[in-house]
Structures are given as C-alpha cells and as structure tokens.
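*Asks:* Residue numbers (this note's numbering), protein chains in the order written: chain A, 1 to 232; chain B, 233 to 464; chain C, 465 to 696; chain D, 697 to 928.
No wet-lab data here; the hints were simulated from the structure.
Hints are not guaranteed to be accurate.
Unchecked claim - Stretches of chain D that chain A covers, calculated by requiring three or more beta carbons in the stretch to come under 8 Å of a beta carbon on chain A:
#1 742 to 752
#2 762 to 768
#3 771 to 783
Cβ atoms here follow ideal geometry from the backbone N, Cα and C, with glycine treated the same way.
Protein chains: 4
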Amino acid sequence: MTIEKLNARLEYEMENLSRSPNLEKVLEPGFVDKRLYAMYLCETYHYTLHNARNQALVATRRDTSNIQYMKYCLKHALEETGHEMMALHDLKNLGFDVSVDTLPKPLMSTETLVAYLYHISEHFSPVARLGYSYWAERSYEFIQPLLAMLSDGIGVPKKAMTFFNEHSEIDAKHTEEVEESIRRFVKSDEDWSAVEEVMVGSLILTTRMMDEVFDQFCKLKEGKSTRYKFLG
Amino acid sequence: MTIEKLNARLEYEMENLSRSPNLEKVLEPGFVDKRLYAMYLCETYHYTLHNARNQALVATRRDTSNIQYMKYCLKHALEETGHEMMALHDLKNLGFDVSVDTLPKPLMSTETLVAYLYHISEHFSPVARLGYSYWAERSYEFIQPLLAMLSDGIGVPKKAMTFFNEHSEIDAKHTEEVEESIRRFVKSDEDWSAVEEVMVGSLILTTRMMDEVFDQFCKLKEGKSTRYKFLG
Amino acid sequence: MTIEKLNARLEYEMENLSRSPNLEKVLEPGFVDKRLYAMYLCETYHYTLHNARNQALVATRRDTSNIQYMKYCLKHALEETGHEMMALHDLKNLGFDVSVDTLPKPLMSTETLVAYLYHISEHFSPVARLGYSYWAERSYEFIQPLLAMLSDGIGVPKKAMTFFNEHSEIDAKHTEEVEESIRRFVKSDEDWSAVEEVMVGSLILTTRMMDEVFDQFCKLKEGKSTRYKFLG
Amino acid sequence: MTIEKLNARLEYEMENLSRSPNLEKVLEPGFVDKRLYAMYLCETYHYTLHNARNQALVATRRDTSNIQYMKYCLKHALEETGHEMMALHDLKNLGFDVSVDTLPKPLMSTETLVAYLYHISEHFSPVARLGYSYWAERSYEFIQPLLAMLSDGIGVPKKAMTFFNEHSEIDAKHTEEVEESIRRFVKSDEDWSAVEEVMVGSLILTTRMMDEVFDQFCKLKEGKSTRYKFLG
Numbered sequence: 001m002t003i004e005k006l007n008a009r010l011e012y013e014m015e016n017l018s019r020s021p022n023l024e025k026v027l028e029p030g031f032v033d034k035r036l037y038a039m040y041l042c043e044t045y046h047y048t049l050h051n052a053r054n055q056a057l058v059a060t061r062r063d064t065s066n067i068q069y070m071k072y073c074l075k076h077a078l079e080e081t082g083h084e085m086m087a088l089h090d091l092k093n094l095g096f097d098v099s100v101d102t103l104p105k106p107l108m109s110t111e112t113l114v115a116y117l118y119h120i121s122e123h124f125s126p127v128a129r130l131g132y133s134y135w136a137e138r139s140y141e142f143i144q145p146l147l148a149m150l151s152d153g154i155g156v157p158k159k160a161m162t163f164f165n166e167h168s169e170i171d172a173k174h175t176e177e178v179e180e181s182i183r184r185f186v187k188s189d190e191d192w193s194a195v196e197e198v199m200v201g202s203l204i205l206t207t208r209m210m211d212e213v214f215d216q217f218c219k220l221k222e223g224k225s226t227r228y229k230f231l232g
Numbered sequence: 233m234t235i236e237k238l239n240a241r242l243e244y245e246m247e248n249l250s251r252s253p254n255l256e257k258v259l260e261p262g263f264v265d266k267r268l269y270a271m272y273l274c275e276t277y278h279y280t281l282h283n284a285r286n287q288a289l290v291a292t293r294r295d296t297s298n299i300q301y302m303k304y305c306l307k308h309a310l311e312e313t314g315h316e317m318m319a320l321h322d323l324k325n326l327g328f329d330v331s332v333d334t335l336p337k338p339l340m341s342t343e344t345l346v347a348y349l350y351h352i353s354e355h356f357s358p359v360a361r362l363g364y365s366y367w368a369e370r371s372y373e374f375i376q377p378l379l380a381m382l383s384d385g386i387g388v389p390k391k392a393m394t395f396f397n398e399h400s401e402i403d404a405k406h407t408e409e410v411e412e413s414i415r416r417f418v419k420s421d422e423d424w425s426a427v428e429e430v431m432v433g434s435l436i437l438t439t440r441m442m443d444e445v446f447d448q449f450c451k452l453k454e455g456k457s458t459r460y461k462f463l464g
Numbered sequence: 465m466t467i468e469k470l471n472a473r474l475e476y477e478m479e480n481l482s483r484s485p486n487l488e489k490v491l492e493p494g495f496v497d498k499r500l501y502a503m504y505l506c507e508t509y510h511y512t513l514h515n516a517r518n519q520a521l522v523a524t525r526r527d528t529s530n531i532q533y534m535k536y537c538l539k540h541a542l543e544e545t546g547h548e549m550m551a552l553h554d555l556k557n558l559g560f561d562v563s564v565d566t567l568p569k570p571l572m573s574t575e576t577l578v579a580y581l582y583h584i585s586e587h588f589s590p591v592a593r594l595g596y597s598y599w600a601e602r603s604y605e606f607i608q609p610l611l612a613m614l615s616d617g618i619g620v621p622k623k624a625m626t627f628f629n630e631h632s633e634i635d636a637k638h639t640e641e642v643e644e645s646i647r648r649f650v651k652s653d654e655d656w657s658a659v660e661e662v663m664v665g666s667l668i669l670t671t672r673m674m675d676e677v678f679d680q681f682c683k684l685k686e687g688k689s690t691r692y693k694f695l696g
Numbered sequence: 697m698t699i700e701k702l703n704a705r706l707e708y709e710m711e712n713l714s715r716s717p718n719l720e721k722v723l724e725p726g727f728v729d730k731r732l733y734a735m736y737l738c739e740t741y742h743y744t745l746h747n748a749r750n751q752a753l754v755a756t757r758r759d760t761s762n763i764q765y766m767k768y769c770l771k772h773a774l775e776e777t778g779h780e781m782m783a784l785h786d787l788k789n790l791g792f793d794v795s796v797d798t799l800p801k802p803l804m805s806t807e808t809l810v811a812y813l814y815h816i817s818e819h820f821s822p823v824a825r826l827g828y829s830y831w832a833e834r835s836y837e838f839i840q841p842l843l844a845m846l847s848d849g850i851g852v853p854k855k856a857m858t859f860f861n862e863h864s865e866i867d868a869k870h871t872e873e874v875e876e877s878i879r880r881f882v883k884s885d886e887d888w889s890a891v892e893e894v895m896v897g898s899l900i901l902t903t904r905m906m907d908e909v910f911d912q913f914c915k916l917k918e919g920k921s922t923r924y925k926f927l928g
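The shape of chain A in the complex, shown without the other chains:
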C-alpha cells in the first residue's frame, strides 16, 4: 500500500458520496435554509468536542511506542482543543439563543461516530486514527460547493462560518503534516489496512450523520417536532 493508493481510494469514496440524493436536494435552490446549517453546527459541536480527546487517547496507550508519533498525536490534539466552541459561536452568530447547557443531545449517528473514533483510537493499531485525519483535513476541498451554497445561497453571514473558514485555512498545513506522518509512521501491511479501514469507516459514519441531520431538517419542514428546540 502507498499513500497514492490511499488517496485513490478516498477519491473513489468521495465520488460515490457526491452522488447522494440528499446532497442534490441540499444544493437545489430554495430547498434548504439556515436551520439545516444550525442543526449541522449543533452536531459539529458534539463530535468536535471529542476529537482532541480521542486524539490524545492514542498518546496514552502503552503500545504507542514511537516517541515521534506520540508527539505528533499530542501536538495534533493540542491544536484541536476547544474547536467545538467555534461551532457554538457560529450557532449564536446565526441568531440562535443556545449555550453548552441548552444544546440538544447528539443524534444517534453522531454518537456512533464518536463511539467509533474512541474505539479505533484505543483498540486498533496506534496509527489507525491517521485514516480519519487524512480525509478530515482534506474534506474542505470537497465541500467548497457546499460552503458556497451556504454563503451565497442561503445568506449565512461570514461571522457564522468561522468553524469552516478557520478549518479551511489550517487545511493546507495540516494536510501536509498528516501525509508526512502517514509516510513516516505507517509501515506494516496491517497498519496500512487499519488506516484505510478507519478512513472509509469514519467517512461513512460522518455521511450518516449528515444524512440524519438532513432527515431531521425534512421533518422540521413538514412541521413535525425535532429535538432542536432552539429552532423554535
């Protein structure tokens, strides 16, 4: 396995996901409004809260024996710490009255993503989590059309897009670091296969989360109640 093959697999999976009927709907003019974005920010808050934690968890393992890799994990965890507050900040700037205490609980699919990331961080090969970072850091290039739709299509102000803009900017730097780490620390066939499995697995679970958010939005459009009480 090589990083080129990993990348080819990622592009193949992304290509598949881009044909999702939900995505078409989302990009259809007039279908969505800022409440979908609000719901998404809420779930983003929930999983982001755990990202630095499950990243740090890798560094606590007795079998994370490569000192340079252990440092990478801690540095990366440090950079991710507190990013959930950006999602909350954006939600407030979107005009909703929420706080850490009044936010609805995570959706089942968000909880599943969180569970999976802790699980692989604790029990798979210590390098496996790089498979998540690999696509997560690069995802901002794929979601450009979505971001454009948010700002142009439904008029989300810049001050409510700090989470995405910030992450797009630190993108280039991080992508390079993750690629370098994969080249440096992923050696055996089992390691490569763990990285690939986690890349695909976490991507699918993230897509499921986005699909459940979309379903909730459709329920809301139909006038049904959801757990997002703050949307009124």
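Starting from the known structure of chain A, arrange chains B, C and D on it as the hints suggest.
*Replies:* Below, chains B, C and D alone, put in the same frame as chain A:
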C-alpha cells in the same frame, strides 16, 4: 415512559425494518444459499465475542451503585460468556474449515456495533444497555420466518443452527428477566430515554451489519472477491 | 513455579508481617479500643467497594481469552458484589452513626491499594489478580488471633463482626476454588511470576493500610483530630 | 487553601523525608557506588515512561471541561514525552550494556507509583495531578546535595547525568507554569484537597521507590542476587 411504550416503539421500528428490500430478496426462493448464512455466522462470532465483555463493563463502573443491578449485569455477562463459540461451531458444521485464527476480520458495520455497545456501556446511564438486551432477547420471535427459510429453504442442518436454537430457547427466560430489570432499575426520565435510545440505536446498527453482509453476499454472487476467503 | 512454592512464599511474608511492632501493640491488653476497629471497618468498606469491580474488569479484557477463566472471574465478582455493605453494617452495629454519604474518604494507603488492584487487573497478565485472591481468601486463618482479641479483648459484639465471620465461613470454599484456578489457568513462567508479584504487592499494600489505620488511632489517642469525624 | 499553605505542607513533608536513615547512609562517604545510581536510573526509566501518558489521560476525560486547563495538560504531556530515553541514555553512559528490551522490570514500589498516578489522573478531580507536578518540578532544589554526592562523591560523569541536569534546567520555567496553573484552575475546596492529597501521596510513593532501590543496593553489597542482572 413505561415498558409498554418502549415495546410499542420497538414494534414500530421492527415493522419498519421488516419492509427492507434486502429482507424481501433474502426470503425470495432460490436467491440465497448457505454462504450468506456462513457470512452472517462469522459476523455473529465477532460481535458476540464482545457481548459478555461490554455487559461486564457496566458492573465495573463506579457509578453503577445499585447492588442488585450490578449483580444482574454480572449474572447476565456470565450467561453470555463464550457464546461466540457456538457461532464458530455452527460455521464448522456448515462444512467450512475455519478457526478463531483464520476467521476474517469483522466488517466495518460489525466493528461499529461493537464500538457503540462499549461506548454506551461505559458512558451512558448505567441502565442504558438494558435497551440492547430488551430487543436482542426478543428478536428471536421476529426472526422466526428467517430461521424457517434457513432450515427449509436452503437446507441448513440443525447441527449448524445451535446459536439460534439455543438463543430461542433461553429467550423466554431472559426476556422476562430483562423486563423485570427494566421495571426495577429504570427510574428517571433520563434513564428511560437512554434505554430507548440504545434500543433503537443498537437495532439500527445491527440492521446495518446485516445489510453489509447481504451486500457482501451479492458481490460474491457476482463473482467478485470478498474478505470471506474460507468460502472459496 | 508451583502452588507449593507460592504458598511457601506467602508463609514467609506472613511470618515477616507477624513481627510488626504495630501488631504487638494491638494485641497488648488495654491498648486499643473499638475505635480502631471502627477505623478499620471504614477502610474495609472503601477497598471492598472496588473488589468486585476490579475482578469484573479482568473479564472485560480482550486478551482474557480463556472462556473458563473468564467465567471464574465473573462468578467471583458476583460473589463479592455488595460486600462493602457488611462493613458498613458492622460499623453501625458498633454504635456509630454513619452512612455511605457521611463516611470519611479513604486514607491515602487505601486509595493506593485500590489503584494497584485496578492497575494489575487491567495491565498485568489476565491471571495476575489470582495472586491477590490467593492470600486474601486465606488471610482469615492468619488473623484468628486478631479476631479473638476483637471479641474477647475489646468486647466487639458478634453483630458487628459479620464481615469477618462471613468471610471466614466462605473461606474454605473460596480457597479451594482459587487454588484450583491457579492450577488450571496459570501456565507460563511469566504468569506465575505475575501471580507471585501481585500476591506480595497487594499483601504489602494492605499491611500499609493497616499501619496507617494504626497511626490514625494513635493520633486519636493523643487527642489529635483525624478524618474520622464520626468517632466524635 | 492557598498555594502558600500547599508550599508549607510540602516543606514540612520534605523536612520529614530528609531525616530518613537511608538518606544518611547514602550521603555517608564510601558507602554507595555507581550501582545504586544505575538502579535508580532503571526505575526512573520505568515511571518516566508513564508520566506523559498519565498526564495526557487527564486531557481525554469528558469532565476536563476547562479548555485552557486541557491545553495545559497536553502541552505538559508533550514536553514530558520521551524523557525516559534520557534515563536509559545515562545508564548506558554509566557503562552498562542495557536496552529497552533487556532492562529489568519495575520494582513493586515503582509499579505502585505508576498505578497511583494513572488512578488519580483518571478518577480524582481533573486538577488533582497538579499536586504531583507541583513537587516533582520543584524536587530538583531539594536533591541538590544528592546530585553533588553523585558527581563529586562517586564520580558519575556529566554525560551520565543528563536526566537530572536537563530537569534541573527546565525546573524554573516549569515550576512557574505549575504554580500559575494551580492559581488559575484550582478553585473549590475539594479541588485543593485533591491537589494536596496527590502531592503528599505521590511524594510518599516516590520515597518508597527510593527506599526499595536502597534495599536492593544493600542486598547487592551483601552479595545477594537482585533483578538488576546487568550490574553483573
């Protein structure tokens, strides 16, 4: 919330699942063969291996403070210990040459189910896992048509169905115990909502596992390679 | 290594401990009173609360792969569940007004014993904890003189000695089970050495706990304040 | 509670420890030789290997909710990562042929210290581990006489003292950071009491480790065998 409402929710979800197009295909005469059952046993081995462990995990928690409930968890874990060997035994009796060491690794959806069960056992309300037991112990009444198809439709011999037959038999006894435990130990609104969330969540993740097994079977029918090398 | 050598080592360590100057003082007529016993019950409550939990923890490990041993751990955990309440019950029957909520926190040495037992249950060889059970189940034969002193010397009533009397009775049965388990499940040199290390380690830490209780008692006799406020 | 009182308590405990008969022996001209230092480096390797890990563990907790404190933990863990290799390096420069794989296992007292630090990092108040950092970072001022004895008394070369010299240098900087963190993050009475308890507890367990090293050295002087085979 009451156990009657929990049951109504379960029946509603089961009703939904029974309309799955994959299930229709499976029950269609001549479509499936014993390789589908073999794949399913393989995944059953993988998640069952963890069931006693995540059940015991609940008993290790400092905040599992009800002594009677702690005893229930340990007794239940004790009863589940080693059941994965029945699935392996059935796989062998089906005519396949497998062992603990040569079994293919779990599918991504199986791994996700396992991750979720550990997650809720460690981090949700201590009683949350009862939501999984609630439907799992009762599932055998729902899957009777599937079992009939296995034995009559594709001629799986009785000696390769010990896992299901055994679990159907201990069914009645366990169902009662789980119901009694729910009545005894689930008190607050948060507890009830955790039980319901885990019931639905683990049911959906189990269905996803069955769907992925079905997809793998379809790949095999089309002559593509799968990770189930033992199927030849 | 054999169980005979393990036993010889235990007797050697017990012999050493029996020459402790604190023990001499304790057995000296008129030196101690029931407050020492009350302090000891309080610490017994604290570590016993964790015994079933750290025993169950062994069964949750992925590398506890022997099914019979896993069952032993769960059965043993089940038998230990809730025993801390006997210590609390004895404390009340001794005439003190305490409850789970008003009990003073564990001493530093009690906390250390608890930390050690979780640590070895999670990270040493899965069979290592048998080293703790080995001496703990047999300790009641060694502490007979102490128990006699409690009842005859300082007049502790029978109803305040249920923890010790109960454990003395289940002693014979358990001792046999633990010995049988050691013979059955401890195989490699590393396993034997882990069992021996944990036997000696947990014995020493338990002795330290008893020494700290004794120091606290001496402070109390000198009129200094301790954390055992319920002693008045 | 204030940091001044914490400091007063530390000085009181240090004062007590400085009257240890073992310490007197160690400082007695001609009694010790570089084998004692080698044994100590070996145990230092073992507990230091876990320091960054148990520090990072604090940051993985869901209830470590203060983002600034979480960052402090990760930064501190990052700075500690790999320091065990300095101890190993010093051991080699002392003239002994050892490697990560051939090093003897930790002493029982070293294992206990490690167990305690993981325990409090996972289960005490999230700020409790600051109590360990507080004295550990400042310990180098207390052990100056010991270091002088090492270099002047038994002629340990500078190149075999990198662990201590390095830590003495980063001392001033870290001490300030830890004090600032205590002032910033330790608020409630329970937090202060957890910090104090961990300060005293970890100091005592470290002293016990040094005492066990000393006992092992005495055994060696008497010609008895120890687990430090590399000493010849």
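*Asks:* Compare the structure with each hint and give your call.
*Replies:* Verification of the hints:
1. Counting residues of the region 742 to 752 of chain D whose CB falls under 8 Å from any CB of chain A gives 4; the rule of at least 3 is met.
2. Coverage of the region 762 to 768 of chain D by chain A holds. Counting CB-CB distances below 8 Å, 3 residues qualify, and the rule asks for three or more.
3. Here the region 771 to 783 of chain D counts 6 residues with a CB under 8 Å from a CB of chain A, which clears the bar of 3, and the coverage holds.
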